[in-house]
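For this one, chain A is given, so just place chain B on it according to the hints.
There are 2 protein chains.
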Amino acid sequence: MTEPNAVIGVAVLGLGNVGSEVVRIIRENAADLESRIGAPLVLRGIAVRRIDGDRGVPEGLLTTDADSLVARPDVDLVVEVIGGIEVPRKLILAALNSGKSVVTANKALLAEYTGELAEAAEKENADLYFEAAVAGAIPVIRPLTQSLAGDRVNKVAGIVNGTTNFILSAMDETGADYSDTLAEAGRLGYAEADPTADVEGFDAAAKAAILASIAFHTRVTAGDVYREGISKITSGDLEAAKSLGCTVKLLSICERVVAEDGTERVSARVYPSLVPLDHPLASVNGAFNAVVVEAENAGRLMFYGQGAGGAPTASAVMGDVVMAARNKVNGGRGPRESSYAALAIAPIGEIPTRYYVNMQVADRAGVLSAVAAEFAEHGVSISTVRQEGEGSGARLIVVTHRATDAALSETVAALGKLDFVTAVTSVLRLEGSSE
Amino acid sequence: MTEPNAVIGVAVLGLGNVGSEVVRIIRENAADLESRIGAPLVLRGIAVRRIDGDRGVPEGLLTTDADSLVARPDVDLVVEVIGGIEVPRKLILAALNSGKSVVTANKALLAEYTGELAEAAEKENADLYFEAAVAGAIPVIRPLTQSLAGDRVNKVAGIVNGTTNFILSAMDETGADYSDTLAEAGRLGYAEADPTADVEGFDAAAKAAILASIAFHTRVTAGDVYREGISKITSGDLEAAKSLGCTVKLLSICERVVAEDGTERVSARVYPSLVPLDHPLASVNGAFNAVVVEAENAGRLMFYGQGAGGAPTASAVMGDVVMAARNKVNGGRGPRESSYAALAIAPIGEIPTRYYVNMQVADRAGVLSAVAAEFAEHGVSISTVRQEGEGSGARLIVVTHRATDAALSETVAALGKLDFVTAVTSVLRLEGSSE
Numbered sequence: 001m002t003e004p005n006a007v008i009g010v011a012v013l014g015l016g017n018v019g020s021e022v023v024r025i026i027r028e029n030a031a032d033l034e035s036r037i038g039a040p041l042v043l044r045g046i047a048v049r050r051i052d053g054d055r056g057v058p059e060g061l062l063t064t065d066a067d068s069l070v071a072r073p074d075v076d077l078v079v080e081v082i083g084g085i086e087v088p089r090k091l092i093l094a095a096l097n098s099g100k101s102v103v104t105a106n107k108a109l110l111a112e113y114t115g116e117l118a119e120a121a122e123k124e125n126a127d128l129y130f131e132a133a134v135a136g137a138i139p140v141i142r143p144l145t146q147s148l149a150g151d152r153v154n155k156v157a158g159i160v161n162g163t164t165n166f167i168l169s170a171m172d173e174t175g176a177d178y179s180d181t182l183a184e185a186g187r188l189g190y191a192e193a194d195p196t197a198d199v200e201g202f203d204a205a206a207k208a209a210i211l212a213s214i215a216f217h218t219r220v221t222a223g224d225v226y227r228e229g230i231s232k233i234t235s236g237d238l239e240a241a242k243s244l245g246c247t248v249k250l251l252s253i254c255e256r257v258v259a260e261d262g263t264e265r266v267s268a269r270v271y272p273s274l275v276p277l278d279h280p281l282a283s284v285n286g287a288f289n290a291v292v293v294e295a296e297n298a299g300r301l302m303f304y305g306q307g308a309g310g311a312p313t314a315s316a317v318m319g320d321v322v323m324a325a326r327n328k329v330n331g332g333r334g335p336r337e338s339s340y341a342a343l344a345i346a347p348i349g350e351i352p353t354r355y356y357v358n359m360q361v362a363d364r365a366g367v368l369s370a371v372a373a374e375f376a377e378h379g380v381s382i383s384t385v386r387q388e389g390e391g392s393g394a395r396l397i398v399v400t401h402r403a404t405d406a407a408l409s410e411t412v413a414a415l416g417k418l419d420f421v422t423a424v425t426s427v428l429r430l431e432g433s434s435e
Numbered sequence: 001m002t003e004p005n006a007v008i009g010v011a012v013l014g015l016g017n018v019g020s021e022v023v024r025i026i027r028e029n030a031a032d033l034e035s036r037i038g039a040p041l042v043l044r045g046i047a048v049r050r051i052d053g054d055r056g057v058p059e060g061l062l063t064t065d066a067d068s069l070v071a072r073p074d075v076d077l078v079v080e081v082i083g084g085i086e087v088p089r090k091l092i093l094a095a096l097n098s099g100k101s102v103v104t105a106n107k108a109l110l111a112e113y114t115g116e117l118a119e120a121a122e123k124e125n126a127d128l129y130f131e132a133a134v135a136g137a138i139p140v141i142r143p144l145t146q147s148l149a150g151d152r153v154n155k156v157a158g159i160v161n162g163t164t165n166f167i168l169s170a171m172d173e174t175g176a177d178y179s180d181t182l183a184e185a186g187r188l189g190y191a192e193a194d195p196t197a198d199v200e201g202f203d204a205a206a207k208a209a210i211l212a213s214i215a216f217h218t219r220v221t222a223g224d225v226y227r228e229g230i231s232k233i234t235s236g237d238l239e240a241a242k243s244l245g246c247t248v249k250l251l252s253i254c255e256r257v258v259a260e261d262g263t264e265r266v267s268a269r270v271y272p273s274l275v276p277l278d279h280p281l282a283s284v285n286g287a288f289n290a291v292v293v294e295a296e297n298a299g300r301l302m303f304y305g306q307g308a309g310g311a312p313t314a315s316a317v318m319g320d321v322v323m324a325a326r327n328k329v330n331g332g333r334g335p336r337e338s339s340y341a342a343l344a345i346a347p348i349g350e351i352p353t354r355y356y357v358n359m360q361v362a363d364r365a366g367v368l369s370a371v372a373a374e375f376a377e378h379g380v381s382i383s384t385v386r387q388e389g390e391g392s393g394a395r396l397i398v399v400t401h402r403a404t405d406a407a408l409s410e411t412v413a414a415l416g417k418l419d420f421v422t423a424v425t426s427v428l429r430l431e432g433s434s435e
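If you're matching them up, the sequences are chains A and B in order. Mapping to my numbering: the first sequence position 312 is 312, numbers consecutive. Mapping to my numbering: the second sequence position 117 is 117, numbers consecutive.
FYI, nobody ran anything at the bench for these hints, they're computed from the structure. Please note that a few of the clues may not be correct.
[To be verified] Pulled a few chain A residues facing chain B out of the computed Cβ check, cut under 10 Å:
1) I25
2) G38
3) R142
4) V292
5) R300
6) R326
[What the hints assert, rightly or not] Straight-line distance between alpha carbons at most 20 Å, and here's what the computed SDA-like set of lysine to any residue pairs gives:
7) K123(B) - G332(A)
8) K123(A) - V329(B)
9) K123(A) - G38(B)
10) K123(B) - V329(A)
11) K232(B) - S179(B)
12) K123(B) - S35(A)
Every residue, glycine too, gets a C-beta built ideally from N, C-alpha and C.
Okay, chain A solo, but in the shape it has when bound (with noise of 0.2 Å):
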């Protein structure tokens, strides 16, 4: 058994939006840190790129030599706000080997390879947190690893992305279409340059591989995860929403998925849903986070707050260094990696789900028995049919009940063929809905 730690030594990777607020956060707090862990915090080093003008920190803290300030023997907790993969996987991979405790907010990271740093944690009994990587200052991780460890869970829903939810929540309020609304949220700050991981659901993903997997005790990696993005939602598709008291959120859904023989799959998946607004996670607007997780015991939650910005991320940073800290000073180890269970992950065509068909038909009688003869023809109930606008602008919205992915696809296939149908213009998923 080691020595109790008199102090301990923190490298923090990374002086972004977050790595400046873990920074301030130690330095401000120390006092209150020193008394919450039982020994003072002391940074040893902050990696950054370039040392160039006035960062707000001792320039003798920081370096460019992430690897030797991993490295130091007086360093014995590792906080990684970095980004991107390979580096910070090298990075993370030496501070466990080498028995050092890690903090990450590294979502993207974490969705491809927690196995391997998990096992790298284990052999040297290492500490591996990392509350911040989904959700922001919401905790999230430590309910589901601890809070639900002896519950069964069913399903985690959550809107995990700011940018998307902040796009969506404003064409849903303004009813501008998605290309102005996603240039506003660059200019405002809330979507990136290079919008592409937000929009296209990569972010969202990449949480969805890790709640499914802490929630199912199963590894879940990103490629896992089906995903679809927000970028060819229109105007028209909130309208049509509101029209059915619903509002459009991109969901990262985890979900158990029990078959008939009893077999249990895992399905992870993210796509934009209708969701009625009676539902929880509707009324979750502009760049805030939510996460509904339903338990067999539990019943329904919700965990709700900010799921992203410099502070609030690095208030979940640093509860996790606290946590990890403390294990320092006192022994013991938090939560490993739970994969136990090893399920296997359900192909999206198997998952079935509501959906929402919006097309633009012929305005002339007969149309809709006939487009109705198409979901029944290829086994998808309907339960509902709106009829809107004449002439050319005549459109046709169905609501169906539960149906595969695989009979939707269908469905819309031969309702192309239809020469009364001029276009089928949008199909989405309803989720939330209690039918």
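Relative to chain A, chain B alone:
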């Protein structure tokens, strides 16, 4: 260093709503629990008051001798779900004093004796977990003690009593008065035969003490919590609240109060309060619970779910059981009591809040200005006044800006002496407005 446990022996004290669900989960989910813990959970015995009839568990597990059960050398972990104070206190102390881990859902006990229990746990390096004591299945204790361990919590405000929330929601919805609604709640199983602990705010005050203790790293007991119940709320209050764009909720509020000279104190208080309809707590209805946490870096977080009931509460208990059992297997210990800040309690008289005052007045000219003058006289600034009804039904509904309890009490006393004020029928606080 002791050997890691090959099995974890569990004693359950109490076989009521929560206890039976705990026992059910331990028996039904044995394989999953073993995988998550790293060793099987073995139920050593269940302490009950009387062994009679079919309790749905093997009779051999039942015992009326709780002391001997706790003392058994093959019991590593004690789950206390008896309720009451003196009996569980002695049993929990006996368990902790012999180094056993304890999981309890007993808010009344914790609100009085956390200090004593935590010291016993500390001495023997034992775990004391109590996630289920506040807000049932909703993770609140763990987020506050762990996720926010690196942040600075400024306020916790919650709806943490299902009975009173059911009654207030029903009064708001139906317009019925308090006593009829309480009777209905009793018939539906939402209120106990003696509802005092719930409707007079004792239960909510115990939870406020626990929340304040962990949020502010200070020992706060039930006696430190200012408390008003809901039994004086009338249908007229709900109606007036509605006309002001509010509803009425029983809130448990814990707040960091900072004086001008920087001195910090803690305010913990429970009272029915007007809450604006656009506040997230306003839409928490029926038997649901929710807790809003405001922290310096995290911003505003909200946790929502089922705050009571056998299975939801057992979910929280079992999360603690798995964590405590893991610590027995892996070494290490969960979070300890943190009371280093030792802040003083701020008396309710010094806490400024907004107020709603409803009074019956004579229907004649000049009343409004005379009443307004009386508020001004005592330094209480008025936000809005609404005059309703006429003749003997004439009323004034005043909403103030922030004022101290002391200033408001003096104002109300003075109003009572005015000959054209027939009666001051209600005085309630208003919380959660941005003003």
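Consistency of the hints with the structure:
| no. | hint | in the structure |
| --- | --- | --- |
| 1 | I25 | holds, 6 Å |
| 2 | G38 | holds, 9 Å |
| 3 | R142 | holds, 5 Å |
| 4 | V292 | holds, 9 Å |
| 5 | R300 | holds, 6 Å |
| 6 | R326 | holds, 7 Å |
| 7 | K123(B) - G332(A) | holds, 17 Å |
| 8 | K123(A) - V329(B) | holds, 17 Å |
| 9 | K123(A) - G38(B) | holds, 16 Å |
| 10 | K123(B) - V329(A) | holds, 17 Å |
| 11 | K232(B) - S179(B) | holds, 10 Å |
| 12 | K123(B) - S35(A) | holds, 19 Å |
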